[in-house]
Amino acid sequence: MKQLAPVDVAIVGGGWAGGIVAKELGKAGLRLCLFERGPDRRQQTADVGPSLRDELRFAIHHENLQNLARDTVTFRNHRLQTALPMRRIGAFQPGEGVGGSGAHWNGVSLRWGDEDFCLASRYRERYGAQRVDADMQLADWGLRYDELRPFYDRYERTAGVSGWAGNIGGVLQPGGNPFEPVRDGPYPMPPLDEGVAGVWFAERMLQLGLHPFPRPTANASQPYVTPDGVAYRPCAYCGFCDRFDCGFEAKGSPDRACVDVAQRHAGFRLRSLAHVTRVRRRGRSGWVEGVEFIDLATGEPAFQPAEVVVLAAYTLSNVHLLLVSGIGTPYDPLTGRGGVGRGYCYQSRSGSAALFYEHADFRPYRSHGGTGTMVDDFHGDPAFDRSVPGFVGGATLSGGLVLGRPLAARPLPPGTPAWGPQWKRAVAKWYPRTMVIGGSGSMTAHRWNWCDLDPTYRNAVGQPLLRITFDFQENERRISRFMAARIRQMVQVSAPDHCTEPDAWESPWSIAQTQSTHNAGGTPMGTDPSCSVVTPRCQVWDAPNLFVLGASTFAHNSANNPTALVGALAYRGAADILRWLQESPATLLDGVASRPSLPAAASPD
Amino acid sequence: VTDVDSLPPAQVRLLERFADHMVPADELGPGGTALGVVRYIERALRTPWAGGARQYLLGPWQPGAPSQGYQLRQTPAALFLQGTAAALSLLEGRFASNAEAADAGQLEALLQLLRDGDAAEPTVPPKEYFALLYAWVMEGVFADPRHGGNAAGQGWAIIGFPGSQGGFRDTPRGSRPRASRRQP
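As you go down the protein sequences, you meet chains D and B in turn.
For the first sequence, the positions run 301 to 905 when the working numbering is used.
For the second sequence, the positions run 49 to 232 when the working numbering is used.
It should be emphasised that the hints constitute simulated quantities derived from the structure, not laboratory data.
Quick caveat, the model's predicted, so the values are computed rather than measured.
Any given hint could turn out to be false.
The list that follows gives simulated cross-link-like pairs (lysine to any residue, SDA-like), each with its CA atoms no further than 20 Å apart [said to hold, decoys possible]:
| id | chain 1 | residue 1 | chain 2 | residue 2 |
| --- | --- | --- | --- | --- |
| 1 | B | K175 | D | S810 |
| 2 | D | K327 | B | E75 |
| 3 | D | K729 | B | G208 |
| 4 | B | K175 | B | D74 |
| 5 | B | K175 | D | A718 |
| 6 | D | K327 | B | G222 |
| 7 | D | K729 | B | R224 |
| 8 | D | K729 | B | A205 |
| 9 | D | K729 | B | K175 |
| 10 | D | K302 | B | R224 |
| 11 | D | K729 | B | R221 |
| 12 | D | K729 | B | R121 |
| 13 | B | K175 | D | S572 |
| 14 | D | K729 | B | Q59 |
| 15 | D | K729 | B | D74 |
| 16 | B | K175 | D | P717 |
| 17 | D | K729 | B | P72 |
| 18 | D | K729 | B | E75 |
| 19 | D | K729 | B | P78 |
| 20 | B | K175 | D | G720 |
| 21 | B | K175 | D | Q813 |
For reference, chain D alone in the conformation it holds in the complex:
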């Protein structure tokens, strides 16, 4: 295998996590290589404008998403089932290409706070030791919001987040989310327009005594320049965010906000179309010595030696790479021990309600990725009493227009035929007159939701696929029922002429139904090396020169979208990697004791 000249840091994955680390370490003058298995579309994005907004190519044929012919996952709901491959994109949409999923996301950007990082202890303090489900794996993260605050700030200024602050320095701000973690200042930009449907929803929520606020999103509401000098233009309200590269330079995307910046530095090298297949260990020591990859242009394998390796691929790929590299202890659900593959989480949710109004025009095509209004009362509010609905966590609920891309959304009242003359009149009538209320629920790690390697199915390079065993457990079912009941109440005060019923989602969870790209866990962070993969500073317990960044390190999933936390952890991770390289400590940051069974890490063989 060809061996390349060594670098200081090899970074796997060109999305938000990898992009931020590359940009920050590039500034420090390190020799870097960023590996991305997808193509580099930046020039195309800059050139072609309108043809980027092609719903068929990107939302139906998924040209910007992971090429499943090359690598996918298998899935089953429980361990007695045979897992089968995800043959097509369905529930979630992992991106591929420079920018990763951050190139095609909606931009919703919400901070996670101590309510999440201290979920286990907060719940115990308030409700005692009893759990909804004995197999729930609740653990604090070993991380506090105050440590992350400055890094959230840096992420928000890089991504260009527009929003209305709810809590600045402990002072509640009218119109913002009173339950958000305390901020040091306003968002980089004021919020975008919520649309008339969002405003209508906000007024109804006030009637219910709730606290609506415009959903913060990484779409520029005005001209804006990041601290690195990357310019955003104001959002055009074209409605083509999710699944699409932004053709207006308005959406915060790591390809422009980070990789462009990293390329200013001489020590930085981007390798797109380079599929990292393995992290190589240095003999049998805990250390790693670089990554093996395949150049997809030539098909040639090569080895990139590196002092430090950063796994910053998509959640599922991070887990897969550790498993196929034999790093860490695979999770075993029978004993509850081991970390790699543990705590795989997704998002609990219920059906949403479509609200039809005879006399309204919501202009559904005039939208951006975050258009809408949220309430955090059943998630961020520590005073919200979970003992009555009986769950851990909670859900955010949102209302606003139905995103008006013509293949995605043609809402119809119940009972409307799916074709024919009546269908045609109804689809024309209701397209501008429909809004939606829906939600996003949290999820706790659970003994029987995990990832390991599939015994049967293989990827294009012959490696076993990652196998996901997953279902909604009792906690998620309770959250779902609660969400459906709250949505019904919200529909009632919103007085539509027709509406659809929001059903709770019971098992089984389906990989075929489009939901969110909010996969989390699998390489969880924690303070106990026997049931986590990384330290609270994202350093692998078993391999001190290997850092894992991204939502795979989450110890559970919040109702809040993952990206702001991914960004904050990446900024902190970049600072940590620098500190670690400069201080050359024997093992782990913060004097955390390494796993006792390890051979002396300072003397790699």
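Since the structure of chain D is already known, use the hints to place chain B on it.
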């Protein structure tokens, strides 16, 4: 990719009949065929996606649970070609009709049969075929005109979608719900 030059005339005719039955001409605009649905489908059959691009196509093949998603061996193009042939033989067999002579009632009954998965056809799963047929008819009406359907944007005009050429920042915001039957 599949050889699609040979889509037989009788099947093309059936697709035209489906397109006009599902999307009839009326005061809101042309019917499915005039909108280009069949032209769209003929092009769709030749796209990389229809040939299975970016999809996982390795075995072993097992039916699986509905929650495990699409597990058929066929590429979308193969499923569509087999399904359309099967739909035509169903029309000719069970309904003793053909693509030219079928009346609206027969077309409706045939589509419902496919949708509900009741059609007995061992090699072609009717529900999966119907899902693809329905998707392609809708794409022929509402996808970007550059793909062969939605002639001159007349599909978008049905719902009032103004097109994807630019943004709508300066478009007026629309109007909130007005007093309706059920004011709270």
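Problem set entry | 20 Å Cα cutoff - pair K175 (chain B), A718 (chain D) | 15 Å, holds
Exercise. Given the proposed pairing of K729 (chain D) with Q59 (chain B), does the C-alpha separation stay at or below 20 Å?
Worked result: 33 Å, violated
Exercise. Taken at face value, is the distance from the CA of R221 (chain B) to the CA of K729 (chain D) at most 20 Å?
Worked result: 18 Å, holds
Exercise. Going straight from one Cα to the other, do K729 (chain D) and K175 (chain B) come out at no more than 20 Å?
Worked result: Since the Cα atoms of K729 (chain D) and K175 (chain B) sit roughly 28 Å apart, the hinted pair is violated (cutoff 20 Å).
For this session: Verify the proposed pairing of K729 (chain D) with A205 (chain B), using a straight-line Cα cut of 20 Å.
Result: Distance ~12 Å between K729 (chain D) and A205 (chain B) Cα, so the pair holds.
Exercise. Under the criterion that the straight-line Cα-Cα distance not exceed 20 Å, is the pair K729 (chain D), P78 (chain B) satisfied?
Worked result: Cα-Cα ~17 Å, so holds.
For this session: Sort out whether P72 (chain B) lies within 20 Å of K729 (chain D), counting only the CA atoms.
Result: With a Cα-Cα distance of about 16 Å, the restraint between K729 (chain D) and P72 (chain B) holds, given a limit of 20 Å.
Exercise. Can the restraint linking K327 (chain D) and E75 (chain B) be considered satisfied, given a maximum Cα separation of 20 Å?
Worked result: Status violated; Cα separation ~62 Å.
Exercise. CA of K175 (chain B) to CA of S810 (chain D), is that 20 Å or under?
Worked result: Satisfied, since the Cα-Cα distance of roughly 17 Å is no more than 20 Å.
Exercise. Does D74 (chain B) lie within 20 Å of K729 (chain D) when you go C-alpha to C-alpha?
Worked result: Roughly 14 Å between the alpha carbons, so the hint for K729 (chain D) and D74 (chain B) holds.
For this session: Verify the proposed pairing of K175 (chain B) with Q813 (chain D), using a straight-line Cα cut of 20 Å.
Result: It holds: about 16 Å lies between the C-alpha atoms, which stays within 20 Å.
For this session: Sort out whether D74 (chain B) lies within 20 Å of K175 (chain B), counting only the CA atoms.
Result: 29 Å, violated
Of the numbered hints given earlier, the model fails hints 2, 4, 6, 9, 10, 12, 13, 14; all others are met.
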